[in-house]
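As you go down the protein sequences, you meet chains V and B in turn. Reminder that position 91 of the first sequence reads as 90 in numbering that gives the first Met the number 0, one-by-one numbering, no gaps. Reminder that position 10 of the second sequence reads as 9 in numbering that gives the first Met the number 0, one-by-one numbering, no gaps.
Read the hints as simulated data drawn from the structure, not as lab findings. Each hint should be verified, as a subset may be incorrect.
Claimed, not checked - Just a few of them, taken from the derived set where beta-carbon distance is under 10 Å, the chain B residues facing chain V:
{"hint": "1", "residue": "10"}
{"hint": "2", "residue": "27"}
{"hint": "3", "residue": "28"}
{"hint": "4", "residue": "31"}
Unchecked claim - Straight-line C-alpha distance at most 20 Å; calculated EDC-like pairs for lysine to aspartate or glutamate:
{"hint": "5", "chain 1": "V", "residue 1": "249", "chain 2": "B", "residue 2": "46"}
{"hint": "6", "chain 1": "V", "residue 1": "249", "chain 2": "B", "residue 2": "9"}
{"hint": "7", "chain 1": "V", "residue 1": "253", "chain 2": "B", "residue 2": "30"}
{"hint": "8", "chain 1": "V", "residue 1": "249", "chain 2": "B", "residue 2": "34"}
{"hint": "9", "chain 1": "V", "residue 1": "249", "chain 2": "B", "residue 2": "30"}
{"hint": "10", "chain 1": "V", "residue 1": "253", "chain 2": "B", "residue 2": "21"}
{"hint": "11", "chain 1": "V", "residue 1": "249", "chain 2": "B", "residue 2": "13"}
{"hint": "12", "chain 1": "V", "residue 1": "253", "chain 2": "B", "residue 2": "15"}
{"hint": "13", "chain 1": "V", "residue 1": "101", "chain 2": "V", "residue 2": "134"}
Glycine is no exception: its CB is placed at the ideal position from the N, C-alpha and C atoms.
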Amino acid sequence: MLKTTIIGGSGYTGGELLRLLLFHPEIEIVQVTSRRKLGEYVYQTHPNLRGLTKLKFTAPDDLHPVDILFLALPHGAAQKRIAEYAAAAKIIVDLSADFRLKDAAAYEKWYGKPHAAPDWLGKFTYGLAELHRAELQSAQYISGVGCNATAVNLALLPLLQADLLDTARPVIAEVKVGSSEGGAEPNPGAHHAERSHIARTYAAYGHRHTAEVIQESGLADVTLTMTSVDMVRGALATVHGWVRPGVALKDLWKAYRAAAAANPFLRVVKERRGVYRVPEPKILAGSNYADLGFDLDPESGHVVSICAIDNLMKGAAGSAVQALNLALGFEETLGLEFPGLHPI
Amino acid sequence: MSQPVVTCPECAAEIELAPDTEQNEIIICPDCGVDLEVVSLDPPAVELAPMEDEDWGE
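Construct the complete structure from the given sequences, taking the supplied hints into account.
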């Protein structure tokens with residue numbers, strides 16, 4: 000069994016990592032740190048884990064040597080201590096935004112301050128298996144993924160891989176997100192009276208995850224518009240673009256079918272019967288699947304590509320474990336087989 | 000002997016016909032879910048069958 004520590008395990012992504020890794024057949028969690036919850040049982044913060052572990056939160060300054068370090072810290076924290084973390088474990092998986100971008104100037108542009116460890120940016124592999132499977136198989140340092148960026152990048156993947164998109168025209172992604180994207184720390188906007196029943200466009204443009212979409216897709220003209228909706232888990236990206244002249248619906252079918260065949264967690268959802276005819280995050284809660292849908296206006300060439308994920312899973316902890324599985328030479332799906340619930 | 004294969008006119012999926020498929024039988028495309036009528040067995044051929052619009056609750 001490989002030994003792992005989760006640094007910063009009291010947040011939502013930390014809780015998801017615990018849930019996944021406690022059932023991973025090749026990984027043993029030996030330490031979970033939290034300064035704020037020091038000495039408390041982890042189940043007292045993550046109640047779904049009651050009876051499954053006797054782990055308590057320990058101090059982040061007292062790290063035991065392990066094989067793998069998961070960093071689930073607030074953005075900006077990991078980059079300040081990355082050299083110290085690298086001395087404590089051979090493999091690092093950082094779920095924050097600190098090492099997602101390759102370019103220090105892009106980091107400063109989108110995050111508003113210089114990166115504290117720019118030399119480390121090139122050492123990390125972006126942890127989305129669907130885009131970096133081969134590189135992840137030899138990765139030592141893996142960055143997590145932005146949940147909204149992942150929904151958009153996966154919606155774009157079939158179109159870009161099959162070269163169906165007119166990349167000279169703009170791409171606009173409307174992303175609906177649940178409240179867990181805001182993290183476990185409360186803020187005035189998350190107060191129940193203010194957050195419940197909302198449809199709140201909180202970022203019309205300029206969302207930081209746009210940088211990850213630009214980096215990973217290679218598209219220059221892409222906009223993400225973020226809207227909070229009344230769900231806890233989930234992100235739904237509805238991506239608008241234009242296909243190249245002559246592209247027909249059958250070409251889209253072929254491209255999306257090929258993407259699903261090549262990636263164990265991608266599924267095509269484009270049904271003619273039943274209730275769930277298009278991708279919906281609701282039935283993906285707790286699962287690592289990304290459901291893809293699409294449609295095409297044959298007259299204008301306007302294509303709509305849809306991707307639904309669980310933001311805490313495919314958009315965070317699930318993708319991180321999937322990427323780690325690849326780095327360790329395990330089956331990519333190990334510990335991630337849960338298909339979600341219906342009804343929920 | 001391999002089973003006869005037809006191509007879905009909606010999504011271009013390759014669909015293997017079951018050995019007991021009958022002419023004029025309605026089958027469902029496993030990829031896109033449309034109803035298809037088997038209009039010929041030799042050669043194997045399908046056409047889109049009319050589908051009733053359902054109330055989707057929206």
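These are the hints, each one checked on the structure:
1. 10: For residue 10 of chain B, the interface hint holds, since the closest Cβ of chain V sits about 4 Å away, which is under 10 Å.
2. 27: holds (8 Å)
3. 28: holds (9 Å)
4. 31: holds (6 Å)
5. V:249 - B:46: The given pair, whose Cα atoms are some 15 Å apart, holds under the 20 Å limit.
6. V:249 - B:9: Distance ~7 Å between residue 249 of chain V and residue 9 of chain B Cα, so the pair holds.
7. V:253 - B:30: holds (11 Å)
8. V:249 - B:34: holds (17 Å)
9. V:249 - B:30: holds (12 Å)
10. V:253 - B:21: violated (28 Å)
11. V:249 - B:13: With Cα atoms ~12 Å apart, residue 249 of chain V and residue 13 of chain B stay inside 20 Å; holds.
12. V:253 - B:15: Holds: residue 253 of chain V and residue 15 of chain B sit about 17 Å apart, inside 20 Å.
13. V:101 - V:134: Roughly 14 Å between the alpha carbons, so the hint for residue 101 of chain V and residue 134 of chain V holds.
The structure shown violates just one earlier hint, number 10.
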